[in-house]
Structure formats: structure tokens, C-alpha cells
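Protein sequences appear in the order of chains A and B.
Position 53, counted from 1, in the first sequence is what our numbering calls 53; the numbers after and before it change by one each time, with no gaps.
Position 91, counted from 1, in the second sequence is what our numbering calls 91; the numbers after and before it change by one each time, with no gaps.
Misleading hints may appear alongside valid ones.
One copy or two, it doesn't matter: identical chains are merged, so the pair holds either way.
Stated by the list, open to error - The list that follows gives simulated cross-link-like pairs (lysine to aspartate or glutamate, EDC-like), each with its CA atoms no further than 20 Å apart:
| id | residue 1 | residue 2 |
| --- | --- | --- |
| 1 | K3 | E62 |
| 2 | K116 | E16 |
| 3 | K116 | D23 |
| 4 | K89 | D17 |
| 5 | K3 | D23 |
| 6 | K60 | D23 |
| 7 | K89 | D70 |
| 8 | K60 | E77 |
| 9 | K3 | E35 |
| 10 | K89 | E40 |
| 11 | K116 | D49 |
| 12 | K89 | D23 |
| 13 | K60 | E16 |
| 14 | K89 | D55 |
| 15 | K3 | E124 |
| 16 | K116 | D75 |
| 17 | K116 | E35 |
Simulated from the structure, these hints should not be mistaken for lab results.
There are 2 protein chains.
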Amino acid sequence: MHKSKLGGFIIDCQTEDLDGAADFWAGALGLTVRELPPAEAPLYRALVDSQHGLDIEVQKVEHPSRVHLDIETDDIEAEVRRLERLGAKRLHAIQTWWVMQAPTGQRFCVVRAASKTFAERATEWP
Amino acid sequence: MHKSKLGGFIIDCQTEDLDGAADFWAGALGLTVRELPPAEAPLYRALVDSQHGLDIEVQKVEHPSRVHLDIETDDIEAEVRRLERLGAKRLHAIQTWWVMQAPTGQRFCVVRAASKTFAERATEWP
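Looking at chain A on its own, in the form it has when it is part of the complex (with noise of 0.2 Å):
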């Protein structure tokens, strides 16, 4: 048995100022922007969102612009297999989450659950 649940999504931005990214993003839905480690910090900047709960980054890239969705879970591979049940595919392992695609095109991450809801209203799996 494990458990899961939308995490949150990330920002994907195709450019050099990854802070202007995140303060257009910040101040178009009314989040603050939180500095991460310096482990994340070249790539990644969050945005607090107390109103629902997600993990909601910033994230610069290299390729074109988008949005994805992130699941979170409390067993990355049970929830890998799960998903490839439901049709998607497995696509690169990155450090400690999977990047699957969905049937209809769309990829997204499967990642270790950290929101501070996951426990409550998280999915249980049998």
C-alpha cells in the first residue's frame, strides 16, 4: 500500500533571469518567493502558496516554456507502476524522482512527498 497526491506544479522558464521569472510569476498569483539552498538555487526558486497547500517552483530550463504537473508520493516506484498501468510512460530517473509522460502528451515528475497535507489527504493505493 502506498500513497499519493498532486503535489504542486513547476514553472518551466526558458530563460537567463530566473528572478524575474519568479517575481512576474509571484506577483501574478499573489505568492512570495522563498530563496532555496544553494543546492537548488541556481535552478529553482519557490513560491509560497498557503491558500491550497502546493509546491509551487519556478524552475529555469533550456527547452521551450511550459507548466508541469508534479505527483508526490510516499514510494516513488509503487506510484511509477501505478501510473504505467494507467498508460504512462517512464521517461529519465533524476535524482530522486522519475519524469514519466502521460498518454496524452504531457509530461510530468513523480517525486518524494513533502507537502505538509500529504499524510491527510493523500490517495492510500491498494
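Given the structure of chain A, go ahead and fit chain B onto it with the hints provided.
Showing chain B alone in chain A's frame:
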């Protein structure tokens, strides 16, 4: 003075099988599919998000699949102008909403406030 906040997101799917797309995303995110009224049913399915209070929908589109954010507001024109001052551009007015483009390239929509938590959680802009 007007208010706005993240309303949710739309999972745009380039597909002939809207029900299949909705079933995949509902299963992936642990949500249930809700049928919409006849005017919306040909192109949209709602995914009921009682976990975060977001408006999440799966949409049948002609363009390549992606995910786009919706910003909800009680004053569309004031919110569009606020977002223009942050650097976004108006693209198309559709029915009751505006499609805009962020300075980082992503398209997003400015829609009429519909979430139950709007009054309580939205940011009030001077």
C-alpha cells in the same frame, strides 16, 4: 480595488478521446471526473479537487498537449491590466475570459472567480 488568485489549471489534451484523457488524469491525480453541462461537455471534463480547492479541468484541444494555469478574479479587466503592468500580453478574448501570455512564454487565462474559497483566499490589489 479588485481581487484575484490562482483558480486552478487546465490539462489541455490533443486527443479525440476526451473521456479517456479525463480518466487517465483523474486516476493519476486521485480525483474523480465530473460531467459538465451540455454547453461545456464537448470540450471539457472537470476533475473534482476537494484536496486543494482548485478548479482542475481536462480540455480537448487542437494544439499540442500542455497544462495552462487559470487566474480567477472578480474584475477581469482590472486583473488583465494588472498583469499587463507585470509584463504579460493579451492574446485573445474568449467568451468571458482572456487568454494572456507571460513574459516567460506560457499562455494562461484570466477567468471569472468561481472557487468556493475565492472570497477568503484571494489577494486584494490596490
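Hints and how they fare:
1. K3 to E62: So K3 and E62 fail the 20 Å test inside a copy (32 Å) and across (34 Å) alike.
2. K116 to E16: Intra 32 Å, inter 38 Å, cutoff 20 Å: neither.
3. K116 to D23: Cα proximity of K116 and D23: none, with 24 Å in one copy and 27 Å across.
4. K89 to D17: between (32 Å within a copy, 19 Å between copies)
5. K3 to D23: Intra 33 Å, inter 19 Å, cutoff 20 Å: inter-copy only.
6. K60 to D23: within (13 Å within a copy, 31 Å between copies)
7. K89 to D70: within (15 Å within a copy, 27 Å between copies)
8. K60 to E77: neither (27 Å within a copy, 30 Å between copies)
9. K3 to E35: For K3 and E35, the Cα distance exceeds 20 Å both inside one copy (29 Å) and across copies (26 Å).
10. K89 to E40: neither (26 Å within a copy, 30 Å between copies)
11. K116 to D49: Both ways: K116 and D49 sit 12 Å apart in one copy and 17 Å across, limit 20 Å.
12. K89 to D23: between (34 Å within a copy, 16 Å between copies)
13. K60 to E16: within (7 Å within a copy, 33 Å between copies)
14. K89 to D55: Result: close neither inside a copy nor across copies, 23 Å intra and 26 Å inter.
15. K3 to E124: within (4 Å within a copy, 36 Å between copies)
16. K116 to D75: So K116 and D75 pass the 20 Å test inside one copy only (17 Å; across, 32 Å).
17. K116 to E35: Result: close within a single copy only, 19 Å intra versus 31 Å inter.
Checked against the numbered hints given earlier, this structure breaks hints 1, 2, 3, 8, 9, 10, 14; the rest are met.
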